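Peer 1: Throw the hints in and build the complete structure from the sequences for me.
Residue numbers (this note's numbering), protein chains in the order written: chain A, 1 to 286; chain B, 287 to 572.
Hint data in this document are derived by calculation from the structure and do not stem from the laboratory. Just so you know, these numbers come straight off a predicted model, no measurement behind them. Backbone N, C-alpha and C define an ideal beta-carbon position, used for all residues, glycine too. Treat the hints with care, as some may be off.
In silico DMTMM-like pairs for lysine to aspartate or glutamate, Cα to Cα no more than 20 Å straight-line [as the list claims (entries may be wrong)]:
hint	chain 1	residue 1	chain 2	residue 2
1	B	Lys565	A	Glu266
2	B	Lys308	A	Glu10
3	A	Lys279	B	Asp300
4	B	Lys327	A	Asp14
5	B	Lys308	A	Asp14
6	B	Lys308	A	Asp5
7	A	Lys279	B	Glu536
8	A	Lys144	A	Glu169
9	A	Lys22	B	Asp291
10	A	Lys279	B	Asp291
11	B	Lys565	A	Asp264
12	A	Lys22	B	Asp300
13	A	Lys26	A	Glu38
14	A	Lys41	B	Asp300
15	A	Lys279	B	Glu545
16	B	Lys565	A	Glu24
17	B	Lys565	A	Glu259
18	B	Lys311	A	Asp14
19	A	Lys25	B	Asp300
Simulated coverage check for chain B against chain A, where a stretch passes if three residues somewhere in it have a Cβ under 8 Å from a Cβ of chain A [said to hold, decoys possible]:
hint	region
20	324 to 334
21	459 to 471
Just a sample of chain A residues kept apart from chain B, beta carbon distances all over 10 Å, derived [what the hints assert, rightly or not]:
hint	residue
22	Asp5
23	Lys25
24	His44
25	Gln104
26	Tyr122
27	Trp145
28	Ala168
29	Pro175
30	Ile219
31	Gly247
32	Ala252
33	Ala255
34	Met267
35	Phe272
Number of protein chains: 2
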Amino acid sequence: MSLDDTWFSEASNDYGVAFSLKVEKKLADERTPYQHIEIYKSTHFGNVMAIDGVYMLSSRDNFLYHEMMSHPVLYTHRDPKNVLIIGGGDCGTLREVLRHPEVQSVLQVEIDERVTRLAEQYFPELCASNHDPRATFFFGDGIKWLREAEAESLDVIIVDSTDPIGPAEGLFAEPFYRDGLRALRPGGLLAQQSESPLLHMKILREMYTAMGNAGFADIKTLQFPQPVYPSGWWTATMARKGEKIDGFREQAVAAMSFETQYYDAEMHQAAFAMPAFFKREISERR
Amino acid sequence: MSLDDTWFSEASNDYGVAFSLKVEKKLADERTPYQHIEIYKSTHFGNVMAIDGVYMLSSRDNFLYHEMMSHPVLYTHRDPKNVLIIGGGDCGTLREVLRHPEVQSVLQVEIDERVTRLAEQYFPELCASNHDPRATFFFGDGIKWLREAEAESLDVIIVDSTDPIGPAEGLFAEPFYRDGLRALRPGGLLAQQSESPLLHMKILREMYTAMGNAGFADIKTLQFPQPVYPSGWWTATMARKGEKIDGFREQAVAAMSFETQYYDAEMHQAAFAMPAFFKREISERR
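Peer 2: Structure (C-alpha cells):
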C-alpha cells in the first residue's frame, strides 16, 4: 500500500526506510533562518514536531529520548552542579535535568529560538520547568559558545542536537569535543545523541575516534528504543574527562524524588549493554 | 510527504503508525488457504516477507528477533534437549536453536507450509540448518498439536507466531498455555513473542494473566529492538513450570561456539530490564 497525505512520513532515503504517523492537522509551519519547522496533531502520538522533514519528537514517546539523554549521565557524575545543554530547544531534556535537586545551574544554548517558542505553545508539558530560577536560555551557536566557555566551569555537557548534517555537523567533530573537554571539570561528562546502531555505525565509529583524539579518557554508548527516529533504535554516547565511566550513584537513583517512564537503576546498567556487533566494530576501531 | 508504491508500507491503523521500506521489486505473491504472503526485494534491507500486509522479517534485521527468541530461553534452561517451535515458518528461530549442541531434537509446527517453502527460496541463509537430522517439520495446527502432545515431553516451547489476531489468536489464550504447561517437563520454559511495550500493553497484561491462570510459576519479559515491527520495539515473554526464572548458564554463553550479532551474556541480563512504566503496569496487574 502507499501512504497518502493523511500521514506525515519521514523517508530516510539513504537507508531505504521510512516512518509515518497518521496526522489530523498541521498546527504550525515556519521557515526560520535555520530550518523548516512543522508541528502536527497526530491521531495516536499526540503533537509531533519535525525539522526539515525529520521527526524531532512526539508527545507520546519523547520520554524515552529525554530520560535517556539526561538521567544516565547525571547519575554517572558524582555531583553534577553546572550543566550545559547544546540544542535541546524543545526543553524536554532541560525538564529532566531540572528534576535533579543537586543541579545548581543549567544553561541551554539553542541556535533557533523558534523551536523553543513553538515547544512552549505545542509541548507545554516539556516546558513546564522553563521558569525554574536555575535555568538560563541563550539563543545562539553552541559551537561558538563552547569555544569561548570558561575552562573547567562545567560538570556535564549534553549535546541534544539534530543529525550530523547541516547546522549540527560541527557538533560531531574533534574541535568541538576539544572545547568541551576544556570546559569540563575533572571527572566531567559529555553526553551526546549518537544515532542508530543499525543505520549509523559509521557516525558512531567516527564519533569514538574524534572524542578519543580530543583527549577524553573513556567513551561508552548506551541504547534505547525511540520509535519516531529512523529504525526506532537509538543511542547516546558519553565521554569522560580524566577517568573511566564506571558505576553510577545507584542509591540516589533508588531514592529519586520524581517518577520516570523508562529509566531506573536497573535500566541504567542495562542500557550500556550494546549488541555483539557493536562491541566488535567499536573495539576493532579503538 | 506521501509515500508512493516504490515503498512497501505497513500501516498499523489502530495505532496511527506506519513503517515502510523502499522496494525494488516483488519477488513472490501467494494467497494460501491461511494468508496472503508477499516477498519483496528492498533497496537496503535485503529480502522482506510480509503476511497479510504485515512485516514478518527482513534479511537485514531479523537477527534481532531470531536471536532474542531463542538464546535467552535456551540458556535460561539448565539442559534443553527437546524443543518445540510453534510457527516460525521462516526457519530463522530454528536455525538459532540448532546452534545449541545440547539440543537433541527440534520439532517445528507451522500451519502454512508455503511460508517455509518461500523462505527456503528467498531467505536461504535462515534455512541453512533445515536438513540438520535433529530437526523435524510438521505442517499443521500448533494449538491442536500441543493439545495432543505427550505430557512432560518437552524442555522448551518457543511460540514464534504472527500477532494475536486471526489464526494466531488461540496462541495467546489460557487453554493453549495450560496445554503447554502439561507438555513441559519440570523447570521447562515457554517463550513467546509478545508485541510492543509502547503499543500493546493490553496484550501483555492479558498474556501475564493467562499464563498465570494456566499455572506457570513465574513469568518474565525481555525487550529488544526490531525495526520492521510496529514502533521498532519488541518483546518476548517467558513462563516457567514449577520454578522461578532466575539466572542462566552464563559460562556456557561465554563459551558459545557460534557468533551472534546481538545476543551475549551481558545482553541476556540487560534485556530483562524493562521500562519503569512496564514494571508498574505488570506488578499492579499480578
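Peer 1: Are the hints correct? Go through all of them and say.
Peer 2: To see whether the hints hold, each was checked on the structure:
Between Lys565/B and Glu266/A the alpha-carbon distance is near 11 Å, which keeps this suggested pair within the 20 Å criterion. The hinted pair formed by Lys308/B and Glu10/A meets the criterion: a straight-line CA distance of about 12 Å does not exceed 20 Å. Among the hinted pairs, Lys279/A with Asp300/B is inconsistent with the structure: their alpha-carbon atoms are about 37 Å apart, more than 20 Å. In summary, the hint linking Lys327/B to Asp14/A is supported, as the alpha carbons are separated by about 16 Å, within the 20 Å threshold.
For the suggested pair Lys308/B and Asp14/A, the alpha carbons sit about 10 Å apart, so the restraint of at most 20 Å is met. Taken as a hint, the Lys308/B and Asp5/A pair is honoured in the structure, with Cα atoms around 18 Å apart against an allowance of 20 Å. With a CA separation close to 18 Å, the supplied pair Lys279/A and Glu536/B stays within the 20 Å bound. A threshold of 20 Å between alpha carbons decides the hint, and for Lys144/A with Glu169/A the separation of about 13 Å falls inside it, so the pair holds.
Between Lys22/A and Asp291/B the alpha-carbon distance is near 18 Å, which keeps this suggested pair within the 20 Å criterion. Distance hint between Lys279/A and Asp291/B is unfulfilled; the C-alpha atoms sit about 37 Å from each other, more than 20 Å. For the suggested pair Lys565/B and Asp264/A, the alpha carbons sit about 11 Å apart, so the restraint of at most 20 Å is met. Only pairs whose Cα atoms come within 20 Å are accepted, and Lys22/A paired with Asp300/B is accepted, the gap being roughly 10 Å.
Simply put, Lys26/A and Glu38/A have alpha-carbon atoms about 7 Å apart, close enough for the 20 Å limit, and the pair holds. At roughly 16 Å between alpha-carbon atoms, Lys41/A and Asp300/B fall within 20 Å of each other, so this suggested pair holds. For a cut-off of 20 Å, the pair hint linking Lys279/A to Glu545/B stands: about 13 Å separates their Cα positions. For the given pair, Lys565/B sits about 32 Å from Glu24/A by alpha-carbon distance, which is inconsistent with the 20 Å threshold.
For a cut-off of 20 Å, the pair hint linking Lys565/B to Glu259/A stands: about 13 Å separates their Cα positions. With a C-alpha separation of about 18 Å, the suggested pair Lys311/B and Asp14/A falls inside the 20 Å cut-off, and the hint holds. For the hint linking Lys25/A to Asp300/B, the alpha-carbon distance of about 18 Å falls within 20 Å, and the restraint holds. Beta-carbon proximity to chain A at under 8 Å applies to 4 residues in the region 324 to 334 of chain B; the threshold of 3 is reached and the given coverage holds.
Look at the region 459 to 471 of chain B against chain A: 0 of its residues bring a Cβ nearer than 8 Å to a Cβ of that chain, fewer than three, so the hint is violated. With 10 Å as the threshold on Cβ separation, the claim that Asp5/A sits away from chain B is violated: the shortest Cβ distance comes to roughly 5 Å. At the 10 Å boundary, the C-beta of Lys25/A stays outside the reach of chain B, the nearest C-beta of that chain being 13 Å off. A Cβ of chain B approaches the Cβ of His44/A within 10 Å, the least distance being about 3 Å, so the stated non-interface status is violated.
No beta-carbon of chain B comes within 10 Å of the beta-carbon of Gln104/A; the shortest separation is about 26 Å. Non-interface call for Tyr122/A relative to chain B: holds, since the shortest CB-CB distance, roughly 18 Å, exceeds 10 Å. No beta-carbon of chain B is positioned within 10 Å of the beta-carbon of Trp145/A; the least distance is around 34 Å. The beta carbon of Ala168/A is kept farther than 10 Å from every beta carbon of chain B, the shortest such distance being approximately 22 Å.
Separation of Pro175/A from chain B is adequate, the least Cβ-Cβ distance of about 32 Å exceeding the 10 Å criterion. With a closest Cβ-Cβ approach of about 17 Å to chain B, Ile219/A is found to remain outside the 10 Å limit, as its non-interface label requires. The Cβ of Gly247/A lies farther than 10 Å from every Cβ of chain B, with a closest approach of about 16 Å, so its non-interface assignment holds. Residue-level check passed: Ala252/A sits 16 Å from the nearest beta carbon of chain B, beyond 10 Å.
The Cβ of Ala255/A lies farther than 10 Å from every Cβ of chain B, with a closest approach of about 15 Å, so its non-interface assignment holds. With a minimum CB-CB distance of about 5 Å to chain B, Met267/A fails to clear the 10 Å threshold, and the non-interface call is violated. A beta-carbon of chain B comes within 10 Å of the beta-carbon of Phe272/A; the shortest separation is about 8 Å.
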